[in-house]
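Here is how the chains run, residue by residue.
Protein chains: 2
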Amino acid sequence: MLRGKQTWWFEKRPVIIGAATVVGPDEGDGPLAADYDLVHPELDLQQKSWEKAERLLMEQASDFALKKAGVDKQELSFYVGGDLMNQIISSTFAARSIGAPYIGMFGACSTSMESLAIASLMVNSGAANSVLAGVCSHNCTAEKQFRYPTEYGSQKPPTAQYTVTGAGAVVVAPEGKGPVVECATIGKIVDLGIKDPFNMGAAMAPAAVDTIQTHFNDTGREPKDYDLIVTGDLATVGHGIAKDLLVRDGVPMNDTVFTDCGLLVYDVARQKVQAGGSGCGCSAVVTYGHLLKRLEQGEFRRILVVATGALLSPLSFQQGESIPGIAHAVAIERAQ
Amino acid sequence: MLRGKQTWWFEKRPVIIGAATVVGPDEGDGPLAADYDLVHPELDLQQKSWEKAERLLMEQASDFALKKAGVDKQELSFYVGGDLMNQIISSTFAARSIGAPYIGMFGACSTSMESLAIASLMVNSGAANSVLAGVCSHNCTAEKQFRYPTEYGSQKPPTAQYTVTGAGAVVVAPEGKGPVVECATIGKIVDLGIKDPFNMGAAMAPAAVDTIQTHFNDTGREPKDYDLIVTGDLATVGHGIAKDLLVRDGVPMNDTVFTDCGLLVYDVARQKVQAGGSGCGCSAVVTYGHLLKRLEQGEFRRILVVATGALLSPLSFQQGESIPGIAHAVAIERAQ
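Those protein sequence lines, which keep their order, are chains W and A.
Per this note's numbering, the first sequence starts with residue 89, numbered consecutively.
Per this note's numbering, the second sequence starts with residue 89, numbered consecutively.
It is worth saying that the hints were derived from the structure and are not from the lab.
All C-beta atoms in this analysis are idealised placements derived from N, C-alpha and C, irrespective of residue type, glycine included.
Each hint should be verified, as a subset may be incorrect.
[To be verified] Below, computed lysine-lysine pairings styled on BS3-like, alpha-carbon distance capped at 25 Å:
hint	chain 1	residue 1	chain 2	residue 2
1	W	K93	A	K265
2	W	K93	A	K100
3	A	K161	W	K93
4	W	K265	W	K381
5	A	K265	A	K100
6	A	K140	W	K283
7	W	K156	A	K93
8	W	K161	W	K140
9	W	K331	W	K93
10	A	K100	W	K100
11	W	K283	A	K232
12	A	K93	W	K100
13	W	K232	A	K232
14	W	K140	A	K100
15	A	K244	A	K283
16	W	K265	A	K93
17	A	K283	W	K136
18	W	K232	W	K140
[Claimed, not checked] So the derived label-pair ranges between C-beta atoms look like this:
hint	chain 1	residue 1	chain 2	residue 2	range
19	A	P237	W	G241	29 to 37 Å
20	W	S185	A	E99	31 to 39 Å
21	A	P246	W	G241	45 to 53 Å
22	W	D332	A	D313	53 to 61 Å
23	A	A357	W	Q407	34 to 42 Å
24	A	D160	W	R91	14 to 22 Å
[Said to hold, decoys possible] Listed below are several chain A residues computed to face chain W (Cβ distance under 10 Å; list not exhaustive):
hint	residue
25	Q94
26	R184
27	Y190
28	A196
29	E202
30	Y240
31	Q385
32	F388
33	G397
34	P402
35	Q407
Sequences are here, hints too, so could you generate the full structure?
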């Protein structure tokens with residue numbers, strides 16, 4: 089099961105038997121609009137608070153994923169999830185609705201692949217008959233908590249990123265129809281001393297590169313073994329840094345193979361999203377919405393999703409701490 | 089591996105090969121003082137902030153646990169941890185020092201057994217050669233974040249609990265000398281509508297009872313199969329409610345068998361701790377310090393630790409939400 093130092097090889101080949109995504113209006117205005125199950129026309133989802141709206145995204149994505157998987161809520165073995173909110177309240181209140189035994193996780197924006205890795209480990213080891221793995225984020229809850237309420241209209245530097253309003257969920261099971269979770273590489277903290285919360289791409293890029301390199305070392309694979317290697321939310325600035333670091337390390341990557349969910353989720357040149365998308369929801373909606381569909385359609389055979397997380401808190405920033413970065417990678421293969 | 093609906097049975101019998109606890113002055117003044125590896129005489133551990141003090145507790149407990157286990161930091165497969173801070177910064181910064189691949193978890197005070205369950209699952213399934221599972225809390229960081237800074241000297245109702253300043257860590261491995269992690273029952277959210285953040289025992293007690301009942305159903309065990317069944321941090325109020333609920337459900341429990349870490353960690357009658365202890369650190373220091381020693385000394389053969397979590401955030405409280413409760417149980421057996 090453990091291959092190399094940090095990689096779990098799932099011999100039993102857990103299957104993603106259902107996947108769903110629900111997003112807000114900005115994501116619906118982006119290039120991947122057709123890939124989402126539901127696009128809300130209003131940012132508040134007609135809820136009384138941004139937090140209630142975020143929770144509803146998670147509940148809806150979970151409901152859709154379970155329905156597509158043909159798994160009843162009562163049958164579901166476990167829900168593994170997390171989000172960016174303090175005490176991951178969005179996932180917790182969604183877990184109350186879902187009703188399954190619940191494992192809460194936190195890896196900031198890397199929680200998408202962290203939860204998929206744990207869900208796959210559970211299924212692979214016979215610890216579950218079905219696991220729902222899901223994460224969510226909302227632009228207005230995240231901006232309010234980490235920076236300023238969007239209603240203030242405060243200016244942002246071009247290195248800032250735009251938190252995705254969206255939730256993505258998958259149901260992982262021992263067998264069934266769908267793409268296979270092949271392996272997962274669990275990342276280490278990498279912290280090169282970046283302290284600017286408006287430049288999280290720079291803080292996370294070295295962690296993404298560390299996890300990609302470790303994945304290749306642990307598995308003996310090379311970039312050419314993947315049709316797509318996609319980081320979570322490095323956006324323009326972080327993606328450029330990651331590319332440069334990979335060149336330095338002797339693993340240059342082609343632009344058609346190496347990309348980032350934060351660049352795919354929006355039309356960065358047209359939409360007002362600064363350097364690109366971010367948030368747990370970013371890698372989740374791009375992977376579970378867009379990329380799984382391209383796998384199914386035969387466009388890709390195998391992809392590596394490297395979800396990145398900036399593990400800061402407003403308090404750690406105020407106390408002068410740097411931003412620890414982390415990245416967890418999951419390889420997903422087309423059903424054969 | 090999955091037994092019943094929510095219980096993982098660890099057939100490979102993962103072993104706790106090292107355990108350590110580090111606490112603050114109030115815990116050192118309590119009845120279990122002799123069981124901790126290090127008692128700090130000052131609440132600030134001579135650090136510049138309460139948060140830095142909390143992080144140091146976690147780093148020291150991890151270092152001691154690894155040393156006792158004879159596992160080098162470079163050899164450690166994974167670190168699984170969490171804490172009560174927003175974005176679990178204490179565990180994350182500790183993970184940066186530890187250097188191992190890191191899985192961040194959040195289950196409020198239940199994170200102690202949540203992380204031990206995941207660590208044991210990883211070892212049992214061959215996904216790790218050794219896993220450090222550890223959690224921490226600090227009275228002043230938690231009070232400041234969830235209620236009021238202790239420096240304000242605000243009054244508290246007698247139902248309030250006193251957050252433990254302490255960290256506990258264990259190293260779990262496929263073999264070695266030490267107590268065995270037999271099985272784990274992962275809890276569901278139980279929310280009966282309690283909204284008072286100064287009465288978390290009442291919010292968590294129904295979740296503890298639900299997990300205990302599920303554990304018995306899943307395993308076919310009864311209270312008499314355990315020498316001790318200990319909840320995480322229900323304290324006086326919650327413990328009384330849990331006992332009543334168990335009587336109602338036809339599973340009355342003897343006071344010598346059924347107790348609570350929040351009652352054990354302090355001399356509740358003498359120390360000014362309101363209803364008793366709470367926090368991730370509460371169940372961790374009592375279990376990893378006191379209870380594992382009593383197992384080793386032959387006083388107990390088998391115990392069930394039911395860590396309880398109140399999954400609120402200050403924001404969810406302010407928005408009028410109730411407090412979702414959860415409890416995860418782990419059965420630990422003496423080495424044979």
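Taking the hints in turn, this is what the structure says about them:
Restraint check for K93/W and K265/A: satisfied, since their Cα atoms lie roughly 24 Å apart, inside the 25 Å limit. Annotation: proposed proximity of K93/W to K100/A holds, straight-line Cα distance about 21 Å (limit 25 Å). Straight-line distance between C-alpha atoms of K161/A and K93/W comes to about 13 Å, which keeps the hinted pair within the 25 Å bound. A C-alpha spacing of about 13 Å is found between K265/W and K381/W, which places the hinted pair at or below 25 Å, so the restraint holds.
For the hint pairing K265/A with K100/A, the CA-to-CA distance comes to about 14 Å; that is within 25 Å, so the pair holds. Proximity of K140/A to K283/W is assessed by CA-CA distance (about 17 Å); at most 25 Å being required, the pair is judged to hold. At roughly 22 Å between alpha-carbon atoms, K156/W and K93/A fall within 25 Å of each other, so this suggested pair holds. At roughly 21 Å between alpha-carbon atoms, K161/W and K140/W fall within 25 Å of each other, so this suggested pair holds.
For the given pair, K331/W sits about 24 Å from K93/W by alpha-carbon distance, which is consistent with the 25 Å threshold. Distance hint between K100/A and K100/W is fulfilled; the C-alpha atoms sit about 18 Å from each other, no more than 25 Å. With a C-alpha separation of about 24 Å, the suggested pairing of K283/W with K232/A holds against the 25 Å cut-off. This hinted pair checks out: K93/A and K100/W have alpha carbons roughly 21 Å apart, not beyond 25 Å.
For a cut-off of 25 Å, the pair hint linking K232/W to K232/A stands: about 20 Å separates their Cα positions. Restraint check for K140/W and K100/A: the C-alpha separation of about 43 Å exceeds 25 Å, so the hint is violated. Proximity of K244/A to K283/A is assessed by CA-CA distance (about 16 Å); at most 25 Å being required, the pair is judged to hold. For the hint pairing K265/W with K93/A, the CA-to-CA distance comes to about 24 Å; that is within 25 Å, so the pair holds.
Between K283/A and K136/W the CA atoms are separated by roughly 19 Å; this keeps the pair inside 25 Å, and the hint holds. Between K232/W and K140/W, the direct Cα distance comes to roughly 14 Å. Compliance with the 25 Å bound is thereby established for this hinted pair. At about 31 Å, the CB distance of P237/A to G241/W agrees with the hint of 29 to 37 Å. Between S185/W and E99/A the C-beta distance comes to about 33 Å, which sits within the given range of 31 to 39 Å.
Against the hinted window of 45 to 53 Å, the Cβ-Cβ separation of P246/A and G241/W comes to about 46 Å, which satisfies the hint. Roughly 59 Å separates the CB atoms of D332/W and D313/A, a value that falls within the hinted 53 to 61 Å. The supplied range of 34 to 42 Å is met by A357/A and Q407/W, whose beta-carbon atoms lie about 37 Å from each other. Between D160/A and R91/W the beta carbons are some 21 Å apart, a value that agrees with the proposed interval 14 to 22 Å.
Using the Cβ-Cβ criterion of 10 Å, the hint placing Q94/A at the interface with chain W is satisfied: the shortest such distance is roughly 5 Å. With 10 Å as the threshold, the beta carbon of R184/A comes within range of chain W, its nearest partner Cβ sitting at about 4 Å, so the hint holds. With 10 Å as the threshold, the beta carbon of Y190/A comes within range of chain W, its nearest partner Cβ sitting at about 6 Å, so the hint holds. Interface restraint check for A196/A: the shortest CB-CB distance to chain W comes to about 7 Å, inside 10 Å, so the restraint holds.
For E202/A, the shortest C-beta to C-beta distance to chain W is roughly 7 Å, which falls under 10 Å, so the interface hint holds. Using the Cβ-Cβ criterion of 10 Å, the hint placing Y240/A at the interface with chain W is not satisfied: the shortest such distance is roughly 18 Å. Annotation: interface hint on Q385/A violated; nearest CB of chain W at approximately 32 Å, more than 10 Å. Violation of the interface hint for F388/A is found here, the shortest Cβ-Cβ separation to chain W being roughly 26 Å, above the 10 Å cut-off.
At its closest, the beta carbon of G397/A sits 8 Å from a beta carbon of chain W; the interface hint therefore holds under the 10 Å criterion. Given the 10 Å rule on beta carbons, the hint for P402/A holds: about 7 Å separates it from the nearest Cβ of chain W. Here the hint on Q407/A is kept, as its CB sits about 6 Å from the closest CB of chain W, short of 10 Å.
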